[in-house]
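J.: With chain A's structure known, arrange chain B on it following the hints.
Each chain is listed here by its residues.
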Amino acid sequence: MAVVEDVATDGKTAGGVFVAPGQPGSLVDVKPRYENFIGGHWVPPTKGLYMPNVSPGTGHAFTEVARSSAEDVELALDAAHAAKDAWGESSLAERAAVLHAVADAIEANLTMLAVAESWENGKPVRETLAADIPLAVDHFRYFAGATRSLEGRSTEIDKDTVAYHFHEPLGVVGQIIPFNFPILMAAWKIAPALAAGNCTVVKPASPTPWSILKLAEVIGDIVPPGVLNIVTGPGGEIGKALASSPRIAKIGFTGETTTGRLIMQYAAENLIPSTVELGGKSPNIFFADVMDQDDRFLDKAIEGLVLYAFNKGEVCTAPSRALVQESVYDRFMERCLDRIGRITQGDPLDPTTMIGAQNSAQQLEKITGYVDIGVQEGAEVLIGGERAPLGGELVDGYYFEPTVMKGHNGMRIFQEEIFGPVLAVTTFTDEADAVRIANDTLYGLGAGVWTRNGNLAYRMGRAIKAGRVWTNCYHLYPAGAAFGGYKISGVGRENHQMMLEHYSQTKNLLVSYSDEPLGFF
Amino acid sequence: MTGPVVADGGADVGTARVVATPAALEAIGRVVAERGPIMFFQSGGCCDGSLPMCFDEGEFTLGDHDVLLGTVGGSPFYIDHRQFEAWAHTQLILDVGAGEPEGFSLAAGADRHFIVRSRVFGQDELCTLEGREPAT
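For the protein sequence lines, the chains are A and B, in the order given. The first sequence begins at 56 in my numbering and counts up one residue at a time. The second sequence begins at 926 in my numbering and counts up one residue at a time.
So that you can see chain A by itself, here it is in the shape it has in the complex (with noise of 0.2 Å):
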């Protein structure tokens, strides 16, 4: 965070950090207030009601956005209502080229939105202009091709008789947007709704909705009024208000588990049909072979264990249980544990830094419960294992130190999803022994398997009960790679284009060419 003296023109202080949003000579406008994104125009809260947002890299409120309750749920509603059937009927071409045109802004906006993404989330800055912002940028351009190629089927039934199967919009769909990514996390979601025909409205998450309303400042103009809509608030009061409403065709959720439940109590009630993503406690698993050379393969597969630590653990799929075949564990571990030390903490506008800040002092505090309940548990510290003692402006920001804990799979934190940057590590002694305990636990969202073998890589990852398997790589999210869970993780998929069969729906035009009566009456 820098003082003004020293701002260069690249919105970066002469020592190579990005000005903090709102400050002289930062690339980012922050306004003192901002309202709900409805209908193509800003839209105060109906009852005028407003909350803080924190930078978490500094634990202080910056801006505030709208407060928002059920009736700005409904003012949006309207306003998607009201442009479902134009966006509905849009030709392919039509709604790609709005697709490209969003892109195309993102991309303009690389930068900007990218620090606006690290001061919003916490999250490093070298992450939000390599991965979380360009893979936005690339999502919309994938839907945008993908609905290009989206074709309707014929079925001959007999000589006289075709079904025809139409893809036709749901109509309005609601979308809510996890803390972790929250601009790649909407792209997710939005641009497939979008490229299906569908209206939007997006509840951003809680502590996240500032970055995503810059999006919309980015991209409002682009897309045609009503077509997306984001309101923030409070989950309890607008999440519910939107999962719930019988005005929804349709309702995607990323989060956690009880709440993907509640999620999916409502579209029960309203008959529509649900994607939640729900997290995990994704198995990392190292093969003895990684170390039969000290090559580069085995300097990616280091790189692979310490990816714990990419966006400080809050990743739904994050590595967070490293397993490593025993035979290896000292030597391997050593490597690893060498390149986690090295892991520089800090400001997360600072290009240099590699870790930055968790989400909020809700987050913080749950990291910490984590290694206590591990060292109750009876888990050896590794490495960190406290809040991470940051000074000047930083110091009340939320912080906490790159930490690996050795136990057995049995303990807590081999099972729950920690959200932070903490490793749970515990060793394996054969192929048969890295499934079982692989597959021991409620999740199944991703898996890492590193080995030389290519025929062990293939079995391990069809043996492995998750969604996506990450063989020798970690941590890559290419659009056009179906991303979902098995077990408790959640129900359908993102990141692939069969999301437009997901957001459309089937329709079926059975027709006869015959003059023949059935003959029954």
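Treat the hints as calculated values from the structure; they're not laboratory data. Hints may be right or wrong, so weigh each one.
Reference listing, derived: stretches of chain B covered by chain A, where coverage requires no fewer than 3 residues with Cβ under 8 Å from a Cβ of chain A [unchecked claim]: (1) 944 to 958; (2) 995 to 1002; (3) 1005 to 1013; (4) 1043 to 1049.
Sample of chain A residues facing chain B (criterion: CB under 10 Å; computed from the structure) [unchecked claim]: (5) GLY95; (6) TRP97; (7) ASN235; (8) ALA323; (9) GLN417; (10) GLN418.
Quantities reported herein were computed from a predicted structural model and do not represent experimental measurements. Cβ coordinates follow ideal geometry from the N, Cα and C atoms, glycine included.
T.: Relative to the frame of chain A, chain B by itself:
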């Protein structure tokens, strides 16, 4: 924590599966006075997954396999049966933390939310809970 934890109905604080701090009991009292009966359901998974979610009683539809861990301040506290198995060796201590609740949970007062802390049961306590004879 703001004082000794309490188990409902005079149960043994050592072996109750869920207990509450005075701050949590006070918050429950206020929420109930304001809204009527409430319930808790322990969450899991992504984002705010380790938080106890507080709802108006009946808001969250219970399944046949959900486990009632006990009551706190007279309000029932449930957990998913699969999660119960993974958590059974720990006591949950309901408390109150700073900040707004996440998910669809009710707040524990202005800018407060319910949290759980955990304590690993001792071997003797586990034996009592599981109806086994303590090892001598």
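J.: Could you run down the list of hints and mark each one as holding or not?
T.: Consistency of the hints with the structure:
1. With a cut-off of 8 Å between beta carbons, the region 944 to 958 of chain B has 0 residues touching chain A; three or more are needed, and the interface restraint is violated.
2. Only residues whose C-beta sits within less than 8 Å of a C-beta in chain A count toward coverage, and the region 995 to 1002 of chain B has 0 of them, not enough to reach three; the restraint is violated.
3. Under a criterion of three residues with beta carbons nearer than 8 Å to beta carbons of chain A, the stated coverage of the region 1005 to 1013 of chain B is upheld, 5 such residues being counted.
4. As drawn, the region 1043 to 1049 of chain B meets chain A at 3 residues by the rule of a beta-carbon pair under 8 Å; at three or more, the given contact holds.
5. The closest approach between the C-beta of A/GLY95 and any C-beta of chain B is roughly 28 Å, which is over the 10 Å cut-off, so the hint fails.
6. Residue-level restraint check for A/TRP97 is violated (minimum Cβ-Cβ distance to chain B is 23 Å; threshold 10 Å).
7. Interface restraint check: A/ASN235 against chain B, minimum CB-CB distance 7 Å, threshold 10 Å, status holds.
8. Below 10 Å, beta-carbon pairs count as interface contacts, and A/ALA323 has one with chain B at about 9 Å; its hint therefore holds.
9. The beta carbon of A/GLN417 comes within 5 Å of a beta carbon in chain B, closer than 10 Å, and the hint placing it at the interface holds.
10. The beta carbon of A/GLN418 comes within 8 Å of a beta carbon in chain B, closer than 10 Å, and the hint placing it at the interface holds.
Checked against the numbered hints given earlier, this structure breaks hints 1, 2, 5 and 6; the rest are met.
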